[in-house]
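From first to last, the protein sequence lines stand for chains X and Z. Under my numbering, the first residue of the first sequence is numbered 1, with each subsequent residue one higher. Under my numbering, the first residue of the second sequence is numbered 1, with each subsequent residue one higher.
Be careful, since some hints might not be right.
As the list claims (entries may be wrong) - Sample of chain Z residues with no beta-carbon within 12 Å of chain X, all distances over it, derived:
id, residue
1, 24
2, 33
3, 71
4, 75
5, 78
6, 110
What the hints assert, rightly or not - The calculated DMTMM-like cross-link candidates involving lysine to aspartate or glutamate, where the alpha carbons are at most 25 Å apart (straight line), are:
id, chain 1, residue 1, chain 2, residue 2
7, X, 255, Z, 130
8, Z, 293, Z, 83
9, X, 255, Z, 83
10, Z, 16, Z, 60
11, X, 293, X, 182
12, X, 161, X, 291
13, X, 48, X, 303
14, X, 255, Z, 186
15, Z, 293, Z, 278
16, X, 161, X, 182
17, Z, 81, Z, 271
18, X, 255, Z, 278
Source of the hints: derived by calculation from the structure; they are not laboratory data. Predicted model, so just to flag it, every value in this text is computed and none were measured. Every residue, glycine too, gets a C-beta built ideally from N, C-alpha and C.
Single-letter residue listing:
Number of protein chains: 2
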Amino acid sequence: MRAVMISEPGGPDVLKIGEIPQPIPQADQVLVRVDAAGLNRADLLQRKGGYPAPAGIRADIPGLEFAGIVADVGSAVDQWKVDDRVFGIVGGAGQAEYVVTAADQIAAIPSNLDPIAAAAVPEVFMTAYDALQQGGLAADKRVLVHAVGSGVGTAALQLAKAAGAMVYGTARTAAKLKQATELGLEQGFVQDGDSWVSELMAATGGQGVDLVLDFVGAPLLQANLDVLASRGRIIVIGTMGGARGELNLGLLMRKRACIIGTMLRIRPPAEKARLTGDFARDVVPLLASGEVKPIIDRVFLFDQIAGAHRYMESNANFGKIVLAVGVPVSH
Amino acid sequence: MRAVMISEPGGPDVLKIGEIPQPIPQADQVLVRVDAAGLNRADLLQRKGGYPAPAGIRADIPGLEFAGIVADVGSAVDQWKVDDRVFGIVGGAGQAEYVVTAADQIAAIPSNLDPIAAAAVPEVFMTAYDALQQGGLAADKRVLVHAVGSGVGTAALQLAKAAGAMVYGTARTAAKLKQATELGLEQGFVQDGDSWVSELMAATGGQGVDLVLDFVGAPLLQANLDVLASRGRIIVIGTMGGARGELNLGLLMRKRACIIGTMLRIRPPAEKARLTGDFARDVVPLLASGEVKPIIDRVFLFDQIAGAHRYMESNANFGKIVLAVGVPVSH
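Produce the entire structure from the sequences given, and follow the hints as far as they go.
Quick look at the structure:
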């Protein structure tokens, strides 16, 4: 079968389409014929030689999510059958014509989502859902989503809005904020210096926000604490702007605040299975009803993978970048 | 009535015993004749002009906890009667012959505790109990208590031990660690440079700890994260060594860790009442059975308050320093 392969650490041109043996499912696994696979920032890191794959996962094939058709099931699998439409996250090797994965780490694709749309869902909606849960999302909460035009950002915005929360966001450009407003953003702020801090405080009547979802890391650590309401929580799901920042522990105490670091990929299988089950229960119905939807910026053909990486590195996207693996590009 | 008064911000000598009117309980309050009152580090800060009293509390009388006898009750109070033995925390003004406090922010003193012992309980046991709860204390957890010879440290050690956890601790001297070992400390480490980090990791078989209780703040931030197990929590209840430290957000993510700041004094009354109720339900029975006990280092007479402050500033104490207000010194 064909798979995206990292020939050596480096720029987008180290990515090749290679031929490798089709994987064989173990007793508790399913084999999925991949129709489409989402691209993630972690793929860029992995290509450069950072963000290594977990134990037991091939390090030279990127890909953290897929949508496809069950092609075979292991002997102990009774909840899935051949031809079921499924999607899920994997520890790696998702950008290939076939993946094997644990039977309890996939969910059924709702019938209203085509394969490209489905491939844009798992990583960002599971990440956003899980982060919002850890942040104590509730109907009466104020939520701040940084990089609100990103894949996880658009998913978090919609999920928080669906839960009845009031959602604020930052982005690099006013154009992204305008698009986010159409998804229900209460108010957006261009992240250009620190002026968004006072603007957000004014927008919330001096209250600040109860929950911050952050991908940027160190450069925003102090500002995130500044805009946090008493007992608020900062969920750190990325450190794109840097990992080491100064933390004011005195302010953390006075706000009785909490900073939580989180990551999906390194979780043990039982936790991934639990999250997949929660996602199927809480998020898939919202996707099926159309209350939340995957936001797709652009679709690349499988063998355009280097171009897809370059495009993601340009930060121009609003929403997800998806690779069409086994389906024609229709978006 | 007589009360400790801060005549002006400064050293221990600004503390005077003054005469002020006896307070009068409102409908939902009780008047308590104070037998003894605990000393806390916050009193030192307040004396120097930092750590201001919350709104509605006299700023010039220190004292965050007391043990005594109900002397009068407000018209709406039915759960307490005159002569009940009670203890509790207050936002301030506790180092006086009488205090008024909300009827739902006191608990009954178990009969095995004399007034001096009872006065050593509320602040440290409520702080430690609350911090351990926020840290997810459970029987299978490994807990690290910094300053394990302090008042909160000895309380946390005993409460964690009573819950079935394995407790490690640091202190400034080997003598304090030896005393802590008699209270159930699994292993102690003199905090002198960073060698305790590798010693603790070795002691836990490379696992690290699930919960860190920290009073020191910035100087220990990186080390606390280094010794934390996956999904561990750091509870920051003090910043004695400094408030601003560098946080490695990448490590926070990879450990899926959580840093929680907490403070009792600034909580709204309903939260203080809830904590008092939880303390009465979960901690007072352990005190009554003798499974946990207040550790008293030294008792000072009411008018020796300046000496008590000097003694606390010397960091020589193991356990609490208590002021005898209305009872003779018997410890």
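**Prompt:** Are the Cα atoms of residue 293 (chain Z) and residue 83 (chain Z) separated by 25 Å or less?
**Reply:** Since the Cα atoms of residue 293 (chain Z) and residue 83 (chain Z) sit roughly 24 Å apart, the hinted pair holds (cutoff 25 Å).
**Item:** Restraint check for residue 161 (chain X) with residue 291 (chain X), where alpha carbons must lie at most 25 Å apart
**Value:** Status holds; Cα separation ~10 Å.
**Holds or violated: residue 255 (chain X) to residue 130 (chain Z), with C-alpha atoms at most 25 Å apart** = holds, 16 Å
**residue 33 (chain Z) remote from chain X - nearest C-beta pair above 12 Å** = Since the minimum Cβ distance to chain X is about 33 Å, residue 33 (chain Z) lies beyond 12 Å and the statement holds.
**Request:** Run the C-beta distances from residue 110 (chain Z) to all of chain X and say if the shortest one exceeds 12 Å.
**Result:** holds, 30 Å
**Item:** Pair hint residue 293 (chain X) and residue 182 (chain X), alpha-carbon separation not exceeding 25 Å
**Value:** Between residue 293 (chain X) and residue 182 (chain X) the Cα gap is close to 12 Å, so the pair holds against 25 Å.
**Message:** Does residue 303 (chain X) sit within 25 Å of residue 48 (chain X), going by the straight-line distance between their CA atoms?
**Reply:** Within the cut-off at roughly 19 Å; holds.
**Pair hint residue 16 (chain Z) and residue 60 (chain Z), alpha-carbon separation not exceeding 25 Å** = holds, 10 Å
**Message:** Next pair to validate is residue 255 (chain X) with residue 83 (chain Z); report whether the Cα-Cα distance is within 25 Å.
**Reply:** Not satisfied, since the Cα-Cα distance of roughly 38 Å exceeds 25 Å.
**Request:** Evaluate the condition: distance from the CB of residue 75 (chain Z) to the nearest CB of chain X exceeds 12 Å.
**Result:** holds, 32 Å
**Request:** Given the hint that residue 255 (chain X) pairs with residue 186 (chain Z), test it: the Cα-Cα distance must not exceed 25 Å.
**Result:** violated, 33 Å
**Claimed clearance of chain X by residue 71 (chain Z), with the beta carbon kept past 12 Å** = For residue 71 (chain Z), whose nearest Cβ neighbour in chain X is about 33 Å away, the distance exceeds 12 Å, so it holds.
The earlier numbered hints that this structure contradicts are 9, 14.
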